[in-house]
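Asker: Those protein sequence lines, which keep their order, are chains S and B. Residues 1 to 115 in this note's numbering are what the first sequence lists, from first letter to last. Residues 116 to 228 in this note's numbering are what the second sequence lists, from first letter to last.
Simulated from the structure, these hints should not be mistaken for laboratory data. In this text, a Cβ means the ideal position worked out from N, Cα and C, and glycines have one as well. Worth double-checking, as some hints may not be accurate.
Distance condition first, Cα-Cα at most 25 Å in a straight line; then the derived SDA-like pairs of lysine to any residue [claimed, not checked]:
#, chain 1, residue 1, chain 2, residue 2
1, S, K3, S, L115
2, B, K157, S, S75
3, B, K164, S, R96
Chain S stretches covered by chain B per the calculated footprint, using a threshold of three residues with CB under 8 Å from any CB of chain B [to be verified]:
#, stretch
4, 67-75
5, 104-114
Pairwise CB distance ranges (calculated) [what the hints assert, rightly or not]:
#, chain 1, residue 1, chain 2, residue 2, range
6, S, S82, B, H154, 28 to 34 Å
7, B, S142, S, T15, 38 to 44 Å
8, S, S82, B, S118, 26 to 32 Å
9, B, E186, S, D1, 42 to 48 Å
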Amino acid sequence: DVKVTQSSRYLVKRTGEKVFLECVQDMDHENMFWYRQDPGLGLRLIYFSYDVKMKEKGDIPEGYSVSREKKERFSLILESASTNQTSMYLCASHNRDRGQYQPQHFGDGTRLSIL
Amino acid sequence: AQSVTQLDSHVSVSEGTPVLLRCNYSSSYSPSLFWYVQHPNKGLQLLLKYTSAATLVKGINGFEAEFKKSETSFHLTKPSAHMSDAAEYFCVVRGVRDDKIIFGKGTRLHILP
Chain S
1 DVKVTQSSRY LVKRTGEKVF LECVQDMDHE NMFWYRQDPG LGLRLIYFSY
51 DVKMKEKGDI PEGYSVSREK KERFSLILES ASTNQTSMYL CASHNRDRGQ
101 YQPQHFGDGT RLSIL
Chain B
116 AQSVTQLDSH VSVSEGTPVL LRCNYSSSYS PSLFWYVQHP NKGLQLLLKY
166 TSAATLVKGI NGFEAEFKKS ETSFHLTKPS AHMSDAAEYF CVVRGVRDDK
216 IIFGKGTRLH ILP
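Whenever a hint applies, use it, and build me the whole structure from the sequences.
Answerer: So, in structure tokens, the structure goes:
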């Protein structure tokens, strides 16, 4: 079974802090994603990556950056946390699409509160 | 414009009765379609996927979905609801616009005892 592990289930930080959310997958997947999930807004894509050291902006990248130094690890960085970044953050990964779209596998999420 | 529409934000059914969660998409060709379930404080788990093979797809936990191209629908059904089915369900489409993964807004399923 694919395992996507997010380092923290719950996190509380203060406004202005630099925040790191870590995600590790154990199935050698090329593609990794960060989403935030808010009531009434569904899942919104922040950043994604197709390979090591590659990153692409999603729909709401402002205020975030990412790092992918190793294939299995994809980090989300809040450069200077603000209260409007309080949310549930979900990491996902999937294998390279080879003639067929592959389903994503999700971590359990990190519920981040910015005070 | 939204390319995936989950027609109901909330659905309530009694335990033991059928479940129907509706999903419509817009596309000029056959996309790949997925249904995911999310239990409270958990990530999304794949229920089933359609990738242009059989139009009736069987998934885990007794769920199934039928791809109807003429109606651009991919509704999720289960013959008999169980209390453990209470969760949020997401319809997801790929291949509609570029290779983007497009999520519906979700349907929260409530099971009444």
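Asker: All the hints need checking, so say for each whether the structure fits it.
Answerer: How the hints compare with the structure:
Simply put, K3 of chain S and L115 of chain S have alpha-carbon atoms about 31 Å apart, too far for the 25 Å limit, and the pair is violated. About 19 Å separates the Cα atoms of K157 of chain B and S75 of chain S, which keeps this hinted pair within 25 Å; it holds. Between K164 of chain B and R96 of chain S, the direct Cα distance comes to roughly 16 Å. Compliance with the 25 Å bound is thereby established for this hinted pair. Coverage of the stretch 67-75 of chain S by chain B is violated. Counting CB-CB distances below 8 Å, 0 residues qualify, and the rule asks for three or more.
Residues of the stretch 104-114 of chain S lying with their CB closer than 8 Å to a CB of chain B number 7, which satisfies the three-residue condition for coverage. In this structure the supplied range 28 to 34 Å holds for S82 of chain S paired with H154 of chain B, their Cβ-Cβ distance being about 29 Å. Taking 38 to 44 Å as the suggested C-beta distance range, the pair S142 of chain B and T15 of chain S conforms, at roughly 42 Å. Separation of S82 of chain S from S118 of chain B is about 30 Å and conforms to the stated range, judged on CB atoms against 26 to 32 Å.
Between E186 of chain B and D1 of chain S the C-beta distance comes to about 34 Å, which lies outside the given range of 42 to 48 Å.
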